[in-house]
Amino acid sequence: MTDVDTDAGAPPRPARVALFTSCMGDLAAGGPARATVEVLEAMGVTVELPRGQTCCGQPALNSGHPAEAGALLDRWLRIFAPYDAVVTPAGSCAAYLHHHLGRLREPTPEQRALIQRTYEFSQFVVAYGAGLRLRLPGSVTYHDSCHMARTLGERRAPRELLSRIAELEVREMAGCDTCCGFGGTFAAKFPDVSVAMADTKLGTVAASGADWLVSADPGCLLHLSGRARKAGPPVRTRHLAEIVRDALVPAEVPAGTGAATEVPA
Amino acid sequence: MTEQHSSALAGRERIRPDRPEWAAGDIPPHRRPLPLITRDALTVPTARPTHDRLAALDEQRHVGTWSPEVARLRERGAAIRRETLPDLEKCLRQLTGNVERNGGVVHRAATPADARAVIERIARENGVRLAVKSKSMATEEIHLNSHLTAHGIEVVETDLGEYIVQLADERPSHIVAPALHKSRQDVADLFGQLAGDEVSGDPDELAAFARTRLRADFKAAGMGISGVNFAAADTGTLAIVTNEGNADMVTSQPRIHVAVMTVEKVIPRFADLGVLIPLLCDAATKQRVSVYQTLVNGPRQEGETDGPEQLHLVILDNGRTKALGTPQEEVLACIRCGNCQIACPVYRTVGGGHPYSAVYGGPIGAVLSPLLGEPGKDSDLPFLSSLCGACYDACPVKIPIPDLLVNLRAEHERARPDARTARAGWRAWSLAWRTGTGFRATLAAARLAGRLLPERLLARLPGPGRGWAGGRALPPLREAGAFRRWFHGRDRRQG
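Just so you know, the sequences run in chain order A and B.
Reminder that position 138 of the first sequence reads as 138 in my numbering, one-by-one numbering, no gaps.
Reminder that position 112 of the second sequence reads as 112 in my numbering, one-by-one numbering, no gaps.
You can trust all of the hints, since none of them are fake.
DSS-like, lysine-lysine: derived pairs with alpha carbons at most 30 Å apart:
| no. | chain 1 | residue 1 | chain 2 | residue 2 |
| --- | --- | --- | --- | --- |
| 1 | B | Lys322 | B | Lys377 |
| 2 | B | Lys398 | A | Lys189 |
| 3 | A | Lys189 | B | Lys377 |
Because the hints were derived from the structure by calculation, they are not lab data.
The following block holds chain A by itself, in its conformation from the complex (with noise of 0.2 Å):
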């Protein structure tokens, strides 16, 4: 443990904390996944990356391949079974390991106590970051990602953490948790209808007059960028932890706390 201050009464921080990349994380939004490690650094948390860690297995079963998905599931479990708290960029992962871990396989208590210590971003620096002082002037307007908001449940934390910048606005546009049309494979089994729903979503966005566009799932944020990148109005993106670390205060960063640590296969 560090030696930053927590709140009083704050529950106690976890000791051991993972990062859970994500596939996306890996492959194509590697800015959210060191943003959320710097973010959670400067908390003072030291951030542990398992190197095994491949990918949760959502793509597999919303495509309809179930025992593909489960033996990704499995493998998830066993490799971030040793940590006190599991933290990722991706919402739509985390409301998938909190959903899903019921319904494709018959969970241990240990299993099910590990999903329950399984946080989206948002929801780890709410529950034990109120130390940080966080300062970035602009605006932004937020995109409930539909697994978050709906399936894990989670439509406050990324709100909160929001409203504790310091000169940021917060501008909540028309339809916040209207699907953008991503959908995992739905974006490329459904590539017209996909780009019509990120259409729809710009223009709201656009509308609200918000600086950036920010929300808590990769997956949304590739789609929405690249459609705007490509034919869409000029919104610019950012993911929620990317807002956040641009917003910490550096002088309250202690130098050398949060050392990374390697953790072999």
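Once you have looked at the hints, place chain B on chain A.
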């Protein structure tokens, strides 16, 4: 008894058909793949205005949020709708007994063909030439209108929305609001063609136009055909909910009333209507209760002054009972409110239910349609969803539609003709990603491709990338693995 031709449909030959083939009342038997149909659907002129109207409705109604009192109804309604499932047959037998005691005749139909034959026979035996209908999705399912028409019996839809889609030779695009894909002006144009004269777009005038034309048919028809919202097993009561009162007319004016229900419409008790009708009305139209509730307790009894001479109840299965005892039986709790359709961003974006190319579109259609008819039909429908879950929030009886969609996707993958190949791809992927080495090799390959191949070429390679790249910039693949390199490189830098 003299029966004229329908006055509501007079002038129908003047209507110029203007709809895609997948919107037709009778669905083409060999339809194109859904990705192509839905792509076309986006270019239909009514799609965008329909989306915008529905999105506004969705915002305004807060589809998927429930007031505390309706939330309590929802819990009770969800339980009531599942009470019948463990022994549906027993409930149906009780219902049958009570309908017969009330003087009705009950017909069980395993298939759409059975149901069509029963209804056609009743019409023929009674010399029926004209039938008026109130709204019924079950009769859509058995394609009753075209069948009766082919046998010389004219059928007139008397629900305003159904009348509109009948004139346009379309099928309902929503289970409660069949013509929601049409604007007021679209309807005025359609009625204008029918009348051979200009018809104003004023809603009152449009309603009056339909009402005047339908009125004569109510009097002239020899048969009234209705759906059933709920059938109470303990009393044999058939409950029908409308806002236009047309079910009152259909069930009371013609000398024969044929009610068509699907097996899961049975409810345990008459008293349950006190929960289910307000719940249905809230979910369907955000009304506390609909303007009319028609409760049918048999044909005209001795000493009564009105009502039909005969009441027939047709109970259709069409594959539903096969779902009993499986996780998919949850779909049989549905009360057909259509709330999930309004809540669904995919449904809204494609301009309503037609592009789903099934009788039932939208989220509930994607889980119900594959259970109906011959195996394999519509089995690809569950993929036409982003699995966003808005349908579950909007469901008044808490059907876990996203989970059912995922289950049906697995069934589709198991049963598809090239199942082995499809599975092999996912197996290879899963085997590779079951090892850290395999996963890191994927990252390295992606990075290499991102570095060596220009985006224009990447976008054309076969596979999911091509679908993605049609309308979106590709993700920066050259950065694959960058996060891990940064993380571990930092350790080394820090010693």
